[in-house]
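For the record, the sequence lines run as chains A and B.
Residue numbering for the first sequence follows numbering that gives the first Met the number 0, beginning at 0 and increasing consecutively.
Residue numbering for the second sequence follows numbering that gives the first Met the number 0, beginning at 0 and increasing consecutively.
Everything labelled a hint here was simulated from the structure, so no lab data went into it.
Nothing here was measured: the structure is a model prediction, and the numbers come from that model.
Possibly wrong hints are sitting among the right ones.
[Said to hold, decoys possible] No more than 25 Å apart at the CA atoms, straight line, and that leaves these computed lysine-lysine pairs for PhoX-like:
#1 A:K251 to A:K318
#2 B:K71 to A:K251
#3 B:K350 to A:K56
#4 A:K318 to A:K225
#5 A:K67 to B:K350
#6 B:K424 to B:K350
#7 A:K302 to A:K225
#8 A:K321 to A:K273
#9 A:K201 to A:K251
#10 A:K251 to A:K265
#11 B:K202 to B:K424
#12 B:K424 to B:K502
#13 A:K201 to B:K71
#14 A:K225 to A:K236
#15 B:K116 to B:K350
#16 A:K262 to A:K295
#17 A:K67 to B:K202
#18 A:K236 to B:K502
[Unchecked claim] Partial list, computed: chain A residues near chain B (C-beta under 7 Å):
#19 S28
#20 S30
#21 V55
#22 R58
#23 P61
#24 M90
#25 G94
#26 F95
[What the hints assert, rightly or not] Anything over 12 Å on all C-beta distances counts as not near chain B; from chain A, calculated:
#27 A25
#28 T40
#29 E64
#30 T68
#31 S69
#32 T87
#33 Y98
#34 P105
#35 G192
#36 S196
#37 E206
#38 Q217
#39 T226
#40 P250
A virtual CB, placed ideally from N, CA and C, is assigned to each residue, including glycine.
Read off the chains here:
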Amino acid sequence: MKLFIPNMLANADAGFWFPEQSSTVAEHSDSVYFFILYVCTFFFVLIVSLMVLFMVKYRHRPGVEATKTSTHNLTLELSWSVIPTLLTIVMFWVGFTGYIDMRTPPSDSYEINVIAKKWVWAFQYPNGWIESELHIPKDENVTLTMSSDDVIHSLWVPAFRTKMDVVPGRYTQEWFKATRAGEFPLMCAEYCGQKHSMMVTKVVVHETRGDFDKWLQQASDIHKNKTPVEAGEYFYKTRGCVQCHSLDGVPKNGPSFKGLFGKEEKLADGSTVKVDANYLRESILEPQAQVVLGFKPIMPTFKGQLTDQDISALIAFIKAQK
Amino acid sequence: MATVVDSSDPKSNFPIQYRELNYLNCSSGWKSWFFTLDHKRIGIMYLIGVTCSFFLGGLFAVLLRTELLSPKQLLMGPDTYNQMFTLHGAIMTFLVIIPGVPAAIGNIILPVMLGAKDVAFPRMNLGSFFLWLFGAAFFLAAIALGGLDTGWTFYTPYSVTTNTAVITALLGVFILGFSSIFTGLNFIVTIHTMRPPGMTWFKMPLFLWALYATALIQILATPVLGITGLLLVVERAFHIGIFDPALGGDPVLFQHFFWFYSHPAVYVMILPAMGVVSEVIAVHSRKHIFGYRFIAYSSIAIAMFGFLVWGHHMFVSGQSRVVAVIFSAITFSVSIPSAIKVFNWLTTMYKGSIRFTTAMCYGLAFIFIFSIGGLTGLFLATLATDVHLHDTYFVVAHFHYVMMGSSLVGLFAAVHHWWPKITGKMFNENWGRIACLGVFLGFNLTFFPQFLLGTRGMPRRYYTYLDQFQGLHVMSSCGAYLLGLSSALMAATLIYSIYRGKKAPANPWGGASLEWMCSSPPPHNNFDHPPLAGDPYVMESVVYNEEIGGYVPVECQGDNKQTVTASGDNEA
C-alpha cells in the first residue's frame, strides 16, 4: 500500500478525487459529488459500525441463546424509508439544476465543429481550419457542435467535468467556459473499437482571446512558411494519418508510407495499381474505392476537411518517404 | 425414474432418520443425470455449468488486469484486449450471474423450501437447462469464430460494422433468453400452485419472495432482449436500416431497447442474492427476520421500479433533457427499497446469537459490499455528477460492487449455506472462512481504487492509459490475483468436502424453513407427504441435538409438546 501512495499523490495538477476544476460547471458538479459523498459516508459508517457492533456483542457464546425481540416496528421502518427518500429528493434536485446548466449552451458562444472518427478528433474553427487538438480561449463560452463519421464516440474533458456522446446521424452539443489556462487531456469515453484508448488528445486553453486568435491565425497559415513536405508532415501528424500509416516500413492498419510512392500495389479485388499522385488523392477522398490487399477498408474519408493545397502537401510528404 | 422412497413410513420426514437412498445415488449413469427430471439434479448441472463459466470469465478478467499493470503492451494487442473484455462481460453476465442464483440454487432449493416434490413443469425445467447449454455453446463458438469485440452491450453502429462473430453471439443470447424465461415461468407457477398447507404468501421464506420477484422480471423483460438481438441480427445480415444511421436508422434506439431489458436484468442478478442474504442472516443469527413484510414488499417494489429506470444509462447519449430528468428522478426510487433491506438485515442481527460460519461471513461481506455498491449508485443517478462519471472506471467499480461483489457473494453465501443440504457433506469451515476473507479483501482491493480512477479521469474499456493512473491500476490488478486465488481455494474446499467431508445432518445451522426438515441430501422426491408449514423464521422451533450434530424440531426432543406450527406466531 505504502508503495503506491506517493505515486497516487504525485500528480501535482490533481486533487485526491478529481483533476483540478477548470471550467465553470466543475465547481457545481464537484460540490454535488461531495454532498452525496458525505451523506453516503455517514450511512456507510452507520451501517458498518452497527454491523461490527452486533458482530462483536451478539456473537455466539456457548449456552447463550438468541434473545427474542420484536419482529417488526412500524415507526422504525417508516423512518428508515422516509428519511432516505427525502435525502434522495435533495440529491435529485441539486443534480438536476446543475445538469440543466450543462446542457444549455449560452447564445453568445464561440462555436467549434467537431468531427469524430476512428480514431481521431477533428476540430474545425470558424475560419475553416481543422486541427486535431482543441484550442480555446479562457473565460469565454465555447460550444462544440459534434457529429461522427462512423460509430458512437464521446467527448470528455475530465478537468471540465463535461461529457457528451458524438452520435452518427445527428448533431449533439457540448459547451464549457474554461477558467484556467493550460493543457488538459480530452478523450473518447464511448467504446469505439481497436484504438479507442488512443483517441486521446488535449485541450489547449489560451490565456486571452488575443492569444487564441493569434494562434489560430498562425496555425491556419500552415502553407506560408513551410515547404510542401513540411506542411504534409504537419497534416500527417495532426490529422490522424500517423495512427495507421508508419514511416518505418512496418504496416499498421494501413500500408507504411516508406517507399510507398511509385510502388505497384495489389488490390483487394485482384487488380494492381501504381501508387501515384492520382491514386493517393483518390485514397484520401474516397478511401474505399481501391483498397490494398491485406488491409481492412476502415479508413475514413477526408473529403471537405483537406483543401487541394493540403492534399498536394501530403502527397509531397509521402513521396519524400523513400 | 424409479421411486426410491419408502412412503409407508409416516415419520420419514424427520431428520433423525437417515435413509440410505437420496437423489444423488438413487440412480446412476450419465443418462440418469442428463435426462433427469429431478429439479435437484438439474440444479446441480446448472451449478457445474455456471462454475465452469465463472472460472473462464474469471481467467479473462485476470488476463485483462495483467495487461493493465502497465500502459505498455504486456500480454496482448488491443484487438485481443477488446475481445477479452467483451467476452469477460458477456460470459459473466449471461452465463454466470443471471442464471447463478435463480437457475442453479433456486432450482435445487425452491421446491424443497416449498415442501414440494418438484417444480410445476419438470420437463420445461430440463429444457431450460438444455437451452442454457446450447446458448453457452454458441458463446464458445463465437470465441472460436474470431471472437467478439463489441462490448457485452452490443452498441450500434459499432456492432453492425465490426467483422467479429456478432451474429453467433447474439443467437447465443437469444437462446439463453428462452432459458431464463422458462425458469421464471416455472418458478411463478410453482410458487402459485404448489405451496404446502399452512404456507400463505406471508409465511413464505423471503428467498422465495425474491425468486418470485425475479421471475416476474425474467418473463417480462427478457422477450425485449430477444427481439432486440434479432433486430440486430437482421440489421447486420440485410442492412435494413433500423439502427444504422447511414441507412436512416437510429443508434440510440438500440440503447433504449437494450437497456429496457438489461437494466431490469440487474435486478435478476441482485434480487435472488438479497433473498439468500435474508435467509443466511436470520438462520446464522438464530433470529426471526426483522420486518418480514417490508422485505417482501421491497422485493416486489424493486422489480417494479426496475422497469422504469433504463434511461439512466443514457444521460449523455443525446436523448432529450426532459427524458434524462425524468429517468433520474425515478432512478432514486430504487434506492429506497434497497436501503430498507439493509436496515432490516442489521436489525435482524440485534440480540442474536451470531455464528461466524462461512455462509454468515459471506452474508456479512454482502452487506458491506452491497452498501458501497448501492450508495455509489446515487452518484450515477444524480444528473450533474453522472455527466462526469458516465463511462469511466467509477461505473466499472460501481457495477462490479453490485454485480460481482453482491450478486456473486450472494451466490457464494447460498452455496455454503445449502452445501450440506445439496451434497450431504460438511465442508471445512476454517478453509471456507479463509477463502471468504480472501474474496472480501481481494474484491475491495480490486475495485475500490477504480472509483478513484474514474473520478480522476480514466475512461472504461481502455487498453492503455495515461501514466498517472498506473499506481491505482497496479493495486487493482493485485486485488484481482488475490480474488482469483481465493475463488479457487473456495472451489477446492468445497470439492474436497465431497470426498472427505463429514456427513451432514438434516439441519446443520438451525434453520426453520422446510428444506431443513428433510434429510441431507434430500431423497429423490423430497417429501413423502406435503409437510405442514409454519413461520419459516421461528428459530426456537428447532433445538441443537448433540448426538446428531445438528438441529431437530422441538417436538422430536422428547417431552416438549410444542409443535413447529404452534410456535409460528410471535408477532410482538
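Against the structure shown, which of the earlier numbered hints fail to hold, in ascending order? 6, 11, 15, 18, 20, 21, 23, 27, 28, 29, 30, 31, 32, 33, 35, 36
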